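Number of protein chains: 4
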Amino acid sequence: MDYFNAPGRHHLFVPGPVNIPEQVIRAMNRNNEDYRAPAIPALTKTLLEDVKKIFKTTTGTPFLIPTTGTGAWESALTNTLSPGDRTVSFLIGQFSLLWIDQQQRLNFNVDVVESEWGRGADLDVLESKLASDSAHTIKAICIVHNETATGVTNDLSKVRKLLDAYNHPALLIVDGVSSICALDFRMDEWGVDVAITGSQKALSLPTGMGIVCASPKALEASKYAKSLRVFFDWKDYLKFYEMGTYWPYTPSIQLLYGLRTALDLLFEEGLENVFARHKRLGKATRIAVEAWGLKNCTQKEEWFSDTVTAVVVPPYIDGAEVVKRSWKRYNMSLGLGLNKVAGKVFRIGHLGNLNELQLLGALAGVEMILQDVGYPVKLGSGVAAASAYLQNTIPMIPSRI
Amino acid sequence: MDYFNAPGRHHLFVPGPVNIPEQVIRAMNRNNEDYRAPAIPALTKTLLEDVKKIFKTTTGTPFLIPTTGTGAWESALTNTLSPGDRTVSFLIGQFSLLWIDQQQRLNFNVDVVESEWGRGADLDVLESKLASDSAHTIKAICIVHNETATGVTNDLSKVRKLLDAYNHPALLIVDGVSSICALDFRMDEWGVDVAITGSQKALSLPTGMGIVCASPKALEASKYAKSLRVFFDWKDYLKFYEMGTYWPYTPSIQLLYGLRTALDLLFEEGLENVFARHKRLGKATRIAVEAWGLKNCTQKEEWFSDTVTAVVVPPYIDGAEVVKRSWKRYNMSLGLGLNKVAGKVFRIGHLGNLNELQLLGALAGVEMILQDVGYPVKLGSGVAAASAYLQNTIPMIPSRI
Amino acid sequence: MDYFNAPGRHHLFVPGPVNIPEQVIRAMNRNNEDYRAPAIPALTKTLLEDVKKIFKTTTGTPFLIPTTGTGAWESALTNTLSPGDRTVSFLIGQFSLLWIDQQQRLNFNVDVVESEWGRGADLDVLESKLASDSAHTIKAICIVHNETATGVTNDLSKVRKLLDAYNHPALLIVDGVSSICALDFRMDEWGVDVAITGSQKALSLPTGMGIVCASPKALEASKYAKSLRVFFDWKDYLKFYEMGTYWPYTPSIQLLYGLRTALDLLFEEGLENVFARHKRLGKATRIAVEAWGLKNCTQKEEWFSDTVTAVVVPPYIDGAEVVKRSWKRYNMSLGLGLNKVAGKVFRIGHLGNLNELQLLGALAGVEMILQDVGYPVKLGSGVAAASAYLQNTIPMIPSRI
Amino acid sequence: MDYFNAPGRHHLFVPGPVNIPEQVIRAMNRNNEDYRAPAIPALTKTLLEDVKKIFKTTTGTPFLIPTTGTGAWESALTNTLSPGDRTVSFLIGQFSLLWIDQQQRLNFNVDVVESEWGRGADLDVLESKLASDSAHTIKAICIVHNETATGVTNDLSKVRKLLDAYNHPALLIVDGVSSICALDFRMDEWGVDVAITGSQKALSLPTGMGIVCASPKALEASKYAKSLRVFFDWKDYLKFYEMGTYWPYTPSIQLLYGLRTALDLLFEEGLENVFARHKRLGKATRIAVEAWGLKNCTQKEEWFSDTVTAVVVPPYIDGAEVVKRSWKRYNMSLGLGLNKVAGKVFRIGHLGNLNELQLLGALAGVEMILQDVGYPVKLGSGVAAASAYLQNTIPMIPSRI
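Residue numbers (my numbering), protein chains in the order written: chain G, 1448 to 1848; chain F, 1448 to 1848; chain P, 1448 to 1848; chain D, 1448 to 1848.
Next comes chain G alone, as it looks inside the complex (with noise of 0.2 Å):
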């Protein structure tokens, strides 16, 4: 038997790991298999192919790495940068934190760009270091697509737009660990260099594949790289690339099949559909707390995300109190607040393989939850304020015509 268990569905409302499709449960529910057989070859040809989809990249080289986002993280920096190169790091939340930390201690000169937590990455700052940059020591903006601590959504194309406005060559590394597959992300059109991405979030698979793609750009940079890397070297699946056997060393034979389910599943939905269904999940996440009378994390409207809310608590509320309780009573896995929103705010993940209904019973389990722990929100109002619109715009499935 499972600890702690309860009766009926758990509710998973954390922004990663996320809910998994059944399609995608059953095609890892199987035996081992020797991955220098004929089939596993096969196979990842195809996923190389088609992972290059949820990136909206024709030219990047995607590595499907054994590991979680932190060691894509080391993986995106490793193979193109050199100690003591030079990165302008946005500092908006704890996982933009965690990855300045990765930085400093790889031996990164790492300029960081703080924001009050809740605001997204501050692009004056990154404007007027490029302006004064001419001798281009900046090496490399590094910057998260979506800060799932705070529920901010950074606009990674006017950052584009900033280095071709001063013509500099830094390279654009991007973690979209909770963006891509629920966010609209193109990597050609707003020429990023690495984009990250990890399966246990929008992709909806268990924890333990990185996925780093590389543009042409940082491909080239990797040649001349000197960051020590060994397990994470790109150079050695290039060479495996070639061979066609693609693999340096032991994949996971199941998440290979569950991530060709999961593609299979997002393009089947359609990706734009995918985004619009976040959309729809995050508007309607809004619009509950909004009838709440409780404060989004987020300070503006053209940061909010479309996969984590971090609702804000009165000051007499201890936010890891929502959680523990949802837990406890409701059987819900709300997110915590993180470091410096610790117990400030909780979060509400509604990313991945997630529907409208589950979305509003989450919704309704918050609404005792606030109850429970003493705010005095009005039972339905939120749930009665996000059907509204949800009615208003869900369409109809599309294989249910």
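Calculated pairs, BS3-like style, for lysine-lysine (alpha carbon to alpha carbon, straight line, at most 30 Å): (1) P:Lys1492 with F:Lys1791; (2) F:Lys1492 with P:Lys1771; (3) P:Lys1730 with D:Lys1775; (4) P:Lys1787 with F:Lys1682.
Cβ pair distances, simulated, as ranges: (5) F:Asn1720 with D:Ile1848: 34 to 44 Å; (6) P:Asp1711 with D:Lys1726: 35 to 45 Å; (7) P:Ala1723 with D:Lys1742: 31 to 41 Å.
Facing chain D, according to a computed beta carbon distance under 7 Å, are these residues of chain P, among others: (8) Phe1451; (9) Ala1453; (10) Pro1454; (11) Gly1455; (12) Arg1456; (13) Tyr1777; (14) Asn1802; (15) Gly1808; (16) Gly1812; (17) Leu1826; (18) Val1830; (19) Ala1835; (20) Ile1841.
These are computed hints drawn from the structure, not numbers from a lab. On a predicted model such as this, the values are computed, not experimentally measured, just so you know. Backbone N, C-alpha and C define an ideal beta-carbon position, used for all residues, glycine too.
Let chain G serve as the given structure and place chains F, P and D on it in line with the hints.
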């Protein structure tokens, strides 16, 4: 890929087949085994012992028949009655009607006591029949504990009292298909002679196991019953029980392991807690229906069912449209109105492996559907009312306190 | 943890239930669904169409009944015959015996044609009965295609020829439980009126689906057959076939998806290739038995079964001890000798989802067991002989050429 | 449908990834969970405690890293050594070669001790190096316990004795990837400082977890090691161990539950019984190879590996053809010869969740393949010889006595 795929979890709210717990799905995820090797008899022995608990019997003899509820009915009848035997049967909805049809086709002399659909069994009529049957021509009382088509629960203790009051020896044969493991069922206390359930209802398994439990009196009757039966004959089972091999023909290995896990989960939660959970789910649903300004098909509180609610729609709305819309737009399955109440009601099943937030998500969905089909419901009204009740009554999850 | 756990894969070599392909296990690894929603009828429609191919019929009507082979027998008989009807039935082993017992208990007038166990149906006797039955008192010929207890395959084309030769209108009712999907079965060509199989045999599914296929003549007979039946009544199915909803009562959702995959796998391999594979497995087994100096229970080559081999042990050895030893020491399940041949034989099932190396592992196991129980087998002798045959006959795997 | 489908079970006889027990597949058949909710830390706590048993350590500290064996190597090295540090490393096959390559790329000063492929580590050379290193310039001895490419097992107790004899403080870093959980491994007794294994080897899990266990001395060394590491840094783990949340980044929920079940199975069988089983499988394989008249790549009995056997083919045969043929005709995966022994050997993996009849089936397969490719093997000869040994040594299955 599946037929008619849609993102997120499907919301299964028909009154059977119901949601299967993940632990049960896991337990059934297995190869076949030789049912004559020692593992299966050892497992079966524990199942036969433990399954008695869900009937609350210590003296009953259970049969785990590879069939559906319809087959279980037939097994109950043919093992205890002879052609021409008089049964008193209550027609209160589609499932009691189908059972009566079966009784007639099996050549019993069925004395049908009809009620308006939405009302329970007319026990006054039963009383008068018992009173006038000093010759004991009535051989069996056949009654559904819970009529799945209308959401009506009959009070079996009253039936027993009447039988006792008239000292009547008729067998009491009960269809507990949509009640057992969800509603309190007291086989020994109520003097039930044959009780029937199916795996795909509150046991939360796949379809395929009809469970029949026979009192000592029913077993005795089976020695003299002249109805023809072979596949459904208890005698064959009893012979194999004595040999300790248990199976006259091949059982589903997967369902046996599934049943083991389903029982373990029910006992871990505690049967009384399971019943209390169903009471909460049932009452919350009825509160929502009332808030929507709609009627429960069940006419009186004494018959309210905690496993299924049939919601009456206004005359200008087609209940079937509600169900269709639910599936086509919201990825939810609701129950159709059947036969006499076709189009007049739709049904919300709230039994089995289900919790409160799942229900609230479904209720939110029903509200949107009602608007879709032209009923001017106030969005959020049902969820608000149900939440107010639930927030006061949901207990802490015992394993998580 | 499982009962009686042992390391490595269990070697399942009983003649049913058989090994399930991993693809089928995966396909069945799923939650319940509403069987009235559109997906299940859509799926069922393809199944009813495709399942005819395993019977090699274009005119037959299949029924997928939630039952076992025993129930399928009952369905075949009660839908086509009336109490008192004369059947000619061949008693050649335990399963034909059980079927005859069922026929007798169902009140047919069974004209039993007995053969020594290990011999096929005595068609000379059939001929004389047909010859002398100008009054057509024989209503049905009931015959097993493959007797699982002795490993005897009857030649159905000969039965048809006799019926035709005497222009006899008796129905031809065939138990194909341990043959269909493994041995060539030609329902239309052989004029079979009712053919029966079960999901857990060569279809390689879990137990729980009895598949019955009726010829137009059998369907016509069902209109007049007076045997009592309700659960097994084809009429109810036909009614729902017409409505396009297909199910008079709840099917196992999991078995339907499993059947879809099982059929897909059989068709992908090619039915004729499936039969050829079983021929190889059957012949390899018989060659090994001969190499061991043991006798096949089947007395003549014309009756050799390609799905199961009953191996006769010397009088000083107990066949049951072979089976017990197999399970206790080698993690293998072999088939017991049943009834008349109890103790005298043990059985090797070689049907369903099985390949040559699996069989050779089992044969190597049997050799060690034979030594364990005191039979002086030359270790390796059976495997060597079988390998010599197989090395000459195994084809390349088509998908891998 | 799968790529390159074939009937029956696939025979997986590469030395990793290996066959996963059905119980583990079941345990992993699950949705994601919030790794910050209480269940995952509670589960992790038991895993960290119990995983020490497979290393036979009470003082070691284990790390369950979301990576492969290659990543685990890197974690072991970078946490204990500084750039420029001298390591003594034994090159005896492809995997030790890859590890040495990694050591060099990580900027250690690698003192390579090469042996002919098929021989073990040259401990005489080690002794002379230790004898002449009174300055203790050697910081670590890096050795594979079992070289997977050649099937060579090194005697680690001798390495420890040498280090002790010379009172040398070098760290002893051991790759136990293809040995731990199959061969006896005594971390504490042998004074191993860092031991490494991977989930997809004898633990019989999917790929994706690199398990590293550090002695107190290694942990102490990690405080001063100057090698750059972030993802692989033990410090982050130790910080989260102290907090009781255990995970610096997201683990694979499925692998954690899988590991729990894998450990339960190993402990239920008993580690010593697991080792004995591998001894039987290894010896049976070698006996078969000898009966075929072929040579073991491993040159001396002292180095024979009980987890993998590299079989030398005659010069006129291509070992790769054996592997290809196996897959194309017999649905079996054998291991290729790698690098120096490419074409010269093929490998039979016999580790993990495997039993004797599975192995005998594979050996029978190899015999047919050998004939296919032109080697005049006597069919059955290897199986006969192996069976003779096994029939004398296989114990009764404890749970079934």
